[in-house]
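Asks: Under this note's numbering, the letters of the sequence shown match residues 811 to 947, in that order.
Everything labelled a hint here was simulated from the structure, so no lab data went into it. These figures come from a predicted structure and were not determined experimentally. Glycine included, C-beta positions come from ideal geometry on N, C-alpha and C.
FRET-style restraints, in silico, Cβ to Cβ:
id : residue 1 : residue 2 : range
1  : Gly941    : Ser864    : 38 to 48 Å
2  : Thr943    : Gly904    : 26 to 36 Å
3  : Ser902    : Val927    : 20 to 30 Å
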Amino acid sequence: MILIRYFLMMIVASLCTSAAAQTITLSNGPVIPGGTTPSGANAVAAASFNLARSGANSLFTALTLVNGGTATGSDYVRYQLWRENDNNGQFSGGDLLLAGANSPSLAFSGFSTQVPVSGATFYISVDVATGATDGRT
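Whole structure, please, built from the sequences with the hints as guidance.
Replies: Take a look at the structure:
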């Protein structure tokens, strides 16, 4: 089993905005429960974050992550970026898949989603490789 924890150390988000003054706020999202995840598990929530804005309309269009844990590219098969869509506050089947990235890439692009003033929650899920090294984070 591989240990899934906050592997998310840094987020670089690309936002398309108008020229009007505004502020984009990035904050940690709801805590994803810790614990171990079996090899071969799919769409395991690994991290979450919130984006909110004040001022002009903003589109969230790209995301780059940095793995701050001990897992390597061979421990994960795929990463996916989701937007909270069913308003239940949890990573679930009702959430909207925005983009995917095959390991070892941690860059998402090719999507566009509005950043509301009230904020939006986003999730990063991972597909754990069969034979992932036990104990890595």
